[in-house]
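Asks: If you read the protein sequences in the order shown, they are chains Z and L.
Heads up: the first sequence begins at 94 in my numbering, then just goes up one per residue.
Heads up: the second sequence begins at 94 in my numbering, then just goes up one per residue.
You may find that some hints are simply not true.
Residues on chain Z that point at chain L, a partial pick, calculated with CB under 10 Å [as the list claims (entries may be wrong)]:
#1 ASP142
#2 CYS234
#3 ARG295
#4 ILE356
#5 GLY395
#6 LEU558
#7 THR559
#8 SER560
None of these hints come from the bench; they were simulated from the model.
Just so it is clear, the structure is predicted and the values come from calculations on it, not from any experiment.
Ideal Cβ positions, reconstructed from N, Cα and C, are used throughout, including at glycine.
There are 2 protein chains.
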Amino acid sequence: MTQPSYAPSPEPHTEPVMPGLGSDGHAVAAGLNDDDEDEESTHPRLVSDIKDYLLTHGHLLKLVRFETASRVPAAGVNVSCHPTRFPRHLFTHAKSLQPSMNELYIRASIDENWLYNVLKQEIESDPVGLVASLWDVWVKCREAGTLQRVACGIVRSDYMLLATDDKGDVSLKQVEMNTFSAAGACHAEGVASMHRWLMRRRLAEMDDADTSIQPQLGDLPSNANTASIVASLSAAHNIYQRQFLNGRPKCIIMIVQPENFNIADERPIEYGLFACYRCEWRDVLARIHLGPDRELLFQPSGSGEGKTFEVSVVYYRAGYDAEEYSEGIGGRGIRLMLELSRAIKCPDVKMHLVGMKSVQCALATPRVLERFLPDSRHVDEVKETFVEMHALDSSPAGLEMRKWATNPENAVNFVLKPNLEGGGHNIFGKDIPTFLSEVPAKEWHRYTLMRLITPPAGTDPGMLLTSEEVYEGPVVSELGVLGFAMWRVPIQGSEPEILKNEAIGWTYKTKPEGVDEMSVVKGYGCFDCPLLT
Amino acid sequence: MTQPSYAPSPEPHTEPVMPGLGSDGHAVAAGLNDDDEDEESTHPRLVSDIKDYLLTHGHLLKLVRFETASRVPAAGVNVSCHPTRFPRHLFTHAKSLQPSMNELYIRASIDENWLYNVLKQEIESDPVGLVASLWDVWVKCREAGTLQRVACGIVRSDYMLLATDDKGDVSLKQVEMNTFSAAGACHAEGVASMHRWLMRRRLAEMDDADTSIQPQLGDLPSNANTASIVASLSAAHNIYQRQFLNGRPKCIIMIVQPENFNIADERPIEYGLFACYRCEWRDVLARIHLGPDRELLFQPSGSGEGKTFEVSVVYYRAGYDAEEYSEGIGGRGIRLMLELSRAIKCPDVKMHLVGMKSVQCALATPRVLERFLPDSRHVDEVKETFVEMHALDSSPAGLEMRKWATNPENAVNFVLKPNLEGGGHNIFGKDIPTFLSEVPAKEWHRYTLMRLITPPAGTDPGMLLTSEEVYEGPVVSELGVLGFAMWRVPIQGSEPEILKNEAIGWTYKTKPEGVDEMSVVKGYGCFDCPLLT
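Chain Z on its own, in the form it takes in the complex (with noise of 0.2 Å):
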């Protein structure tokens, strides 16, 4: 016997509250609630299973406003507790269509000249903005020369299945692009596994006649993203080390955000790779220097004792908002020395540029596609993936969208959204010539207007375990291809020399229906399984 009993108190506990993550993705607290029980009771054991599994394989969520000195509570991240239908014809459509999907990327941050006309008004409008602090450290690289040629990115293609009659067909449509800092990974491959591990239980408890009628493991998809991710970042690592033969260990720094809530997401991946450190935003400067030939050099011990490392690649999971490059912190300083250095980066600054949604808006235009895909078989395809979007800029086509949006009979079917890169801070439907009012007309250049994917309706209702309660009813799903490629720019023309390009895996989030955002780490979006069908 080394444990003692733990059953709860016997007295009401009215003091203490449980931390939580609000819906502002900050921790809050809540009061407990004596209503909880009855809402489990219809499923204790599946409930507590996962509750177990996710605290045990540490797919966790950290309670920083709670940390204190010797420890951090954690809480697990949001789960489907049920993997979710997904065609499986679309699933293997949408990983086929991942390395056109990167090369078209690619080649956008490339052409330079289209890439400034689609971020001009973005740029010339706010100088202290996200794009054109980018755009500016792009400038300065330039000027400079570059170093090295070789960039890498690890991205995500966001789909969401698009009801295309009354009779259940679909098609594939693509949300967004993140070119830059994809989370959701590792979390992604913890509750794959977890899905097999309760199917499997599953299965072995049915009497052997029900067995073949229920859904079997190869209908969800394997999924090793973190190894995945290991290796790419790995095949850079090993460019490098080829490149610059001069004895000095090398490493991969992995700039992260300071008081990170979501290091599940990153630490897997530092763990799987031979020396990886990470180093916090604010802190690059004073940890990372630039040697004498643009080597990024890094001391992990921070005392002057012990080996100084060659920084190899730079990977990013910081440096996305506007703030990072604030004068306070020298945030564009920042991002400038990575950027001049001879480290490969993962993804390079154009790279990143990409990822904002008015250059997925200029890439939907007619013959765009056509330009940067010349010899793809894949254009048609990746073509149909595409919704409806349109700019909200000074141009005439623009001009007259504006006019269009404002009513509230077409806006209904649409969603604004800011011209930044990744999820967030859109507006739907009905709630957009309102916003719009309210907002200078000189700033609507910065929203692109898309139209809403409307998904089939589905059949099976859902059961999510998020933040806030255990959620019961429709659901609506998103499939992320993970993609990872490996280039070499071009001194002149557009040709950029592909070293890797492929799909690597996969994350699938799921949200009740009639929530219109799918962040997870904002308490909505739950980490799932595609059930393959």
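Chain Z is already provided as a structure; the job is to place chain L on it using the hints.
Replies: Frame of chain Z; chain L shown alone:
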């Protein structure tokens, strides 16, 4: 970009409270402490690396009082930040003694007359106590006749170092033998892996000239506790499967406490086994049934649908508290049904009984060891690990000791332990006379006096992450050797047939010097890894 910035909120936050584990092992609320950053500032990287490692590998304790329907927060188990020195030859020696320790306790458990004599006073004086409850279960099993002669046990023998002179010479002394529900194996393995990771990184960062004089990875012993326990339970399962070839699917049942905060020390064993189900102690009679041939039958779904399993092995991780045997929950009936069944018990009720302190005391009296281990060449070595122990019973020697113990000058070198199994509830040194003066003399037989093991003065200060603080100062460690044995109980006589008998792993815990108890779950002890010297 898929993560929002998550900097701590700038406004002061007085409302949220931080869940931690209080000194009673219960979750408590404690205000955020502004001094925390200062405390941490000397070793920020090491502490943050450890916090993240525990979180991402699931070496956590549940904060059960803060559980809601959809999630449960958790925080890292207590750990030492550096491996703590331990003599290599004594580590090896402790492991080599384990088969003899296992055999000693097996033989004591089989010698019913001897065991009854040791426990008689406790059984007779407190008929609803733990010992009487267990003995009653055994008597009823004996009357019913046993259908399963194979038993097994996963045990843990705990040792401390005793300073034998002023020059640093030390010897190995046994603190106790845990024969029931031995815990800590999974955490111990995880923390050992963590220390290997930390050391590998530290060595990789050092200048090459320095690495040769540093501790090496070979100084950290390997640990595969979880796989070893899984293999041990599987071996018992396989024996049962060969015994009862009836075509019914078989499973292992892990009997667990409700609302257990330490599931991270149980679940990994379940995940490793092919078919293992958890059943809470209080649910046993509702979920498990005794069939006509005294086979234990279990249906995982509990709904009447799906397969019914026959239980091969009952693995106890509950049933060590006297309260668990109370009338209210039918406690004795729970244990009786499990013990009466033809399942293999891990361990059986008599192996449970020999874990009492009074048995440890009796085994240390002259000529007992020679009687139980007549053929062992390790008798002297086993005896060498025993420390002076005295029963406070009503025998002439016991009465003598009672008088002696009330003298503070004598008591100061002893610890008074209740005749239960496991640690905790101990009275130390000068507190003993006062304590005894408050206990009616007729209850003194419930305690055993044991000489304190005075460890050598520590050479290196330790650094511990406890639930309360980052402790830096002198520390004391305790080595646990995990053993597994499987034996066939003789129909007559005292010769068990030993089927398996081995050391299968180790645990290592470190606490601040001056703190009496080693309990990790109560917030004192910290999981650690020996640095073999």
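Asks: Let's test the interface hint: is any C-beta of chain L closer than 10 Å to that of Z/THR559?
Replies: The hint holds - Z/THR559 has a Cβ within 10 Å of chain L, the shortest such distance being about 6 Å.
Asks: Let's test the interface hint: is any C-beta of chain L closer than 10 Å to that of Z/SER560?
Replies: holds (6 Å)
Asks: Under the criterion of a CB-CB separation shorter than 10 Å, is Z/ARG295 in contact with chain L as hinted?
Replies: holds (9 Å)
Asks: Is the interface hint satisfied for Z/ASP142? The criterion is a beta-carbon contact with chain L at less than 10 Å.
Replies: holds (9 Å)
Asks: Just to be careful: measuring from the Cβ of Z/ILE356 to every Cβ in chain L, is the smallest value less than 10 Å?
Replies: holds (5 Å)
Asks: Let me know if the C-beta of Z/LEU558 comes in closer than 10 Å to any C-beta of chain L, holds or violated.
Replies: holds (4 Å)
Asks: Using the nearest Cβ pair, does Z/GLY395 come within less than 10 Å of chain L?
Replies: holds (8 Å)
Asks: Should the hint that Z/CYS234 touches chain L count as held when the rule is a Cβ pair under 10 Å?
Replies: At 21 Å from the nearest chain L Cβ, Z/CYS234 fails the 10 Å test, so the hint is violated.
When each numbered hint is compared with the structure, a violation occurs for hint 2 only.
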